[in-house]
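Using the hints, put the two chains back together into the complex; each one sits in its own frame.
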Amino acid sequence: MSALSTEQPAAGVPAIQVSDLHKYFGDNEVLKGIDFHVDNGEVVCVIGPSGSGKSTLLRCVNLLEAPTSGRILVEGIDVTDPETDVDEVRARIGMVFQQFNLFPHMTVLKNLCIAQQKVLKRGKAEAVEVARANLAKVGLADREGAYPAHLSGGQQQRVAIARALSMNPDMMLFDEPTSALDPELVGDVLAIMKDLAAEGMTMMVVTHEMGFAREVGDKLVFMDGGVIVEEGDPREVLGNPQHQRTQAFLSKVL
Amino acid sequence: MKRSTRRRLRHGSLYVLLLAVVLVLGFTLDWSSVQQTFFNTEGLKHNWHDLVVTGVKNTVIYTAIAFAAGLVLAVVLALMKLSEVGIYRWLATVYIEFFRGLPALVTILAMGFGFPIAFGWRPPGGTLGAGLIGLVLVAGAYMAETIRAGIQAVPKGQTEASRSLGMSSGKTMTWIVLPQAFRIIVPPLTNEMVLLIKDTSLLAFIGATVGSRELTNVARDMMTSGASAGTATSLTMAGVLYLVITLPLTRLVAWMEKKQRRAR
Numbered sequence: 000m001s002a003l004s005t006e007q008p009a010a011g012v013p014a015i016q017v018s019d020l021h022k023y024f025g026d027n028e029v030l031k032g033i034d035f036h037v038d039n040g041e042v043v044c045v046i047g048p049s050g051s052g053k054s055t056l057l058r059c060v061n062l063l064e065a066p067t068s069g070r071i072l073v074e075g076i077d078v079t080d081p082e083t084d085v086d087e088v089r090a091r092i093g094m095v096f097q098q099f100n101l102f103p104h105m106t107v108l109k110n111l112c113i114a115q116q117k118v119l120k121r122g123k124a125e126a127v128e129v130a131r132a133n134l135a136k137v138g139l140a141d142r143e144g145a146y147p148a149h150l151s152g153g154q155q156q157r158v159a160i161a162r163a164l165s166m167n168p169d170m171m172l173f174d175e176p177t178s179a180l181d182p183e184l185v186g187d188v189l190a191i192m193k194d195l196a197a198e199g200m201t202m203m204v205v206t207h208e209m210g211f212a213r214e215v216g217d218k219l220v221f222m223d224g225g226v227i228v229e230e231g232d233p234r235e236v237l238g239n240p241q242h243q244r245t246q247a248f249l250s251k252v253l
Numbered sequence: 000m001k002r003s004t005r006r007r008l009r010h011g012s013l014y015v016l017l018l019a020v021v022l023v024l025g026f027t028l029d030w031s032s033v034q035q036t037f038f039n040t041e042g043l044k045h046n047w048h049d050l051v052v053t054g055v056k057n058t059v060i061y062t063a064i065a066f067a068a069g070l071v072l073a074v075v076l077a078l079m080k081l082s083e084v085g086i087y088r089w090l091a092t093v094y095i096e097f098f099r100g101l102p103a104l105v106t107i108l109a110m111g112f113g114f115p116i117a118f119g120w121r122p123p124g125g126t127l128g129a130g131l132i133g134l135v136l137v138a139g140a141y142m143a144e145t146i147r148a149g150i151q152a153v154p155k156g157q158t159e160a161s162r163s164l165g166m167s168s169g170k171t172m173t174w175i176v177l178p179q180a181f182r183i184i185v186p187p188l189t190n191e192m193v194l195l196i197k198d199t200s201l202l203a204f205i206g207a208t209v210g211s212r213e214l215t216n217v218a219r220d221m222m223t224s225g226a227s228a229g230t231a232t233s234l235t236m237a238g239v240l241y242l243v244i245t246l247p248l249t250r251l252v253a254w255m256e257k258k259q260r261r262a263r
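Respectively, the protein sequence lines represent chains V and D. Under numbering that gives the first Met the number 0, the first residue of the first sequence carries the number 0, and numbering increases by one thereafter. Under numbering that gives the first Met the number 0, the first residue of the second sequence carries the number 0, and numbering increases by one thereafter.
In case anyone wonders, no lab produced these hints; they're calculated from the structure. Quick caveat: nothing in here was measured; it's all calculated off a predicted structure. Just so you know, not all the hints are guaranteed correct.
Cross-link-like lysine-lysine pairs, in silico, DSS-like; alpha carbons within 30 Å at most [said to hold, decoys possible]:
#1 V:LYS109 x V:LYS123
#2 D:LYS56 x V:LYS136
#3 D:LYS170 x V:LYS123
#4 V:LYS123 x D:LYS155
#5 D:LYS197 x V:LYS109
#6 V:LYS109 x D:LYS155
Just chain D, with the same shape it has in the complex (with noise of 0.2 Å):
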């Protein structure tokens, strides 16, 4: 058999493995129950924009927060794990490895329910808050990486020109790596916003009151209550929800590293 028959055959058999595929879920689905469950959209006329008012409004905040605090913990995290001092290094890597090892939720739970009572401190927004509190620490951890990856493409010809000119290393870290090491590290750290912007939804595993809940959580008790309860159509909106925040910041990404390359 020629090469070419034999590729024209394979791809030929693809296409009606995937038109098999097709017919049986075409005939074997009960489309109305798809459609009735999935894309409901009778109830959810009523009762949409709780979840763009409370969901997504809500969503966009604990990611600011979670992206600003993160980033701050990150910087430290970094400027620790470049340190001359052993101690510092070492800390640094226990943390980072401590929180990218676990779980997300398992963070989210236990600072959730256990930051209040193990230090007696409430923050603001109850429970809520104080798995915002996991929501950081973990946010930092993975950015930490990216931040220290940052610093270290700085080209060392940078910093010996800073030092020469007599500048401390603190000041040669602010004025000259880290601006240098932001640019660098703006697409993948867009890419950490966009992670984190579907970690929030773990939020919904914690206790929020009605206007505090984030999108997930909304979508969720509207399967249960409301107009549209009784069907998964809030979720599947959610999904649209998340998906217009989400793509937009994935197109940017890919944008901005085809420009990085190439100024390069």
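With the rest of the complex left out, here is chain V (with noise of 0.2 Å):
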């Protein structure tokens, strides 16, 4: 573990800064030099058409994509820094995916459990007393005993909300945490979105629900073709986007 991990992050350092970051896909460049931040206690959301590179920024926040350069810092932390004990930094972040995600071998319970006890190293006992406490939150305390295949969608990405929950981070990353949803269950894990942001929860959304972003984040951003475009207050970007590609994906998709 590295030094720099014991610390505890300076009040005023943003929870996730990036700076001049770039990503190719081979021959392809994904992210054009994002400069970005997300403060404690905010919630941005990422808005932008497909192939905008939004899920790649998000995903680099936590290195499940390796930045070709730039910098990326978790409260602090420079995590393209070699010397950085990623697991330790992924640990702080929970990660919520479009495709749920869930490990279909074990019980929703055991999903809940696995890396409190493996990383954490938490005793069976209180892994199992956060586990249920999380899955009371996302109103799923009677499907402890489920496999995740007996689950609908909504169910499931409520399952992996509480996962991440379980390991009480700092932050969470959502990407396109509704997209992959029948629409009737999309309000129930939007909902509890909402509760996670009322509480304080730092969170970093990549959606397409316009509502949630106007209604639930604090700051709005819009990425086009590898940089962001806009940014701002959501009901400021939504309501009088300053940028013709803003406007011209907004009057497409609301």
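Put into structure tokens, the structure is as follows:
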């Protein structure tokens, strides 16, 4: 573990600070110099057309994608520094995927406990207690013995959120969390995310849910072609977009 | 000619051909010799239990050893093959291609006779034990490819979810990927076991004590000595015993594959 990891983040240090981030897939430049930050307790929503690089940006924050160049600081720790213990940083960042990615060979409860036990070294009793509390929070206390295949998509995504929360993360990343859900199941997941935001959780959300972005987001980022085109207060950006590309995109989705 | 007529003619001629073959065999073969050679139960009455008590027992033991040790070796090879370090990938590829490219018998003979001399250590079971090491080397090479395919069949999202929770690559492999990979590869691995059961017969080429002979070896000895000497009936019986072991396994594989397809 690096010496840095044990230090408390200094007050005023942003939860996520990205500077001059470039990412290539082969010859294809997906991120073309991103500067951006998420403050503690802030909810930042990232929107943009598919292929704009918004998911790649999110996945760079916890190094699911390795940046080609640039710096990413998580609570002041440079995750692109090879000396940094990436596992230790990731344990403090909750991640929720479009495809839920629950572990199909484990019960719901085990899904929530495995990383607590293997990473945080919590005892079984403590892990189960934390897991049950988080299951109750997402309204699925009665499904702890079920396997993921027996849950609806909305339930699976709520379990996935509870799984991330069971690690007591400092911040949460959401990668299009409702895009794979049937329309009638979207509301439950968004409601849980809204509750989280109200509790003061730091959140970075890649989404197509403009309503959520407007209502819950503290900041809205519009990306297109690998760059941040426009960012600001969600109501401002959605109501009165300054840039022509933002206007074109919003006219299609709103 | 109408299409249906032509088809009926073609079918008819195939039946005629079959009948001709049966008739020719029926009249030209000396059926009593065939029966005397392959189905002479008279001599076998006295020593058939050697086939089961010694032969089948040792075949099962050698298969179990080779499968278990081969599986461990195969997991290591599969992980090497998927490693980010080029030299590991290269070593695993060379190993797998090498032992899959050789006849298993060559490896078994080379190990059986060469291993104790080359390494100055006699494994338990002597020459036979050393031959068994050869079988393990071959089994590992075959199963490695199966396991690699199983690991790669686990969706990437599983690894990503696990790593995002802070689990290291080793923990992710142990707790998330391998358990799911093994579920996928149980049918092909069972097939590998069937091949291995049959390959233990190659150990018959290696000297063994009376009590450590596997099924083929016992059957071969019974052809030349004892009550059933002079006939091949012991081999017929051995064949039946092999089928008693392998057929249920291949049926099991077919059943598992059908179930997996339905689950998907």
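Hint check:
1. Between LYS109 (chain V) and LYS123 (chain V), the direct Cα distance comes to roughly 10 Å. Compliance with the 30 Å bound is thereby established for this hinted pair.
2. This hinted pair does not check out: LYS56 (chain D) and LYS136 (chain V) have alpha carbons roughly 57 Å apart, beyond 30 Å.
3. The suggested pairing of LYS170 (chain D) with LYS123 (chain V) holds, with an alpha-carbon distance near 17 Å, which does not exceed 30 Å.
4. Note on LYS123 (chain V) and LYS155 (chain D): the hinted pairing holds, with a Cα-Cα distance of about 28 Å set against a maximum of 30 Å.
5. Taken as a hint, the LYS197 (chain D) and LYS109 (chain V) pair is broken in the structure, with Cα atoms around 41 Å apart against an allowance of 30 Å.
6. Restraint check: the Cα-Cα separation between LYS109 (chain V) and LYS155 (chain D) comes to about 20 Å, which is no more than 30 Å; the hinted pair holds.
In summary, the structure is inconsistent with hints 2, 5 from the numbered list given earlier, while agreeing with the others.
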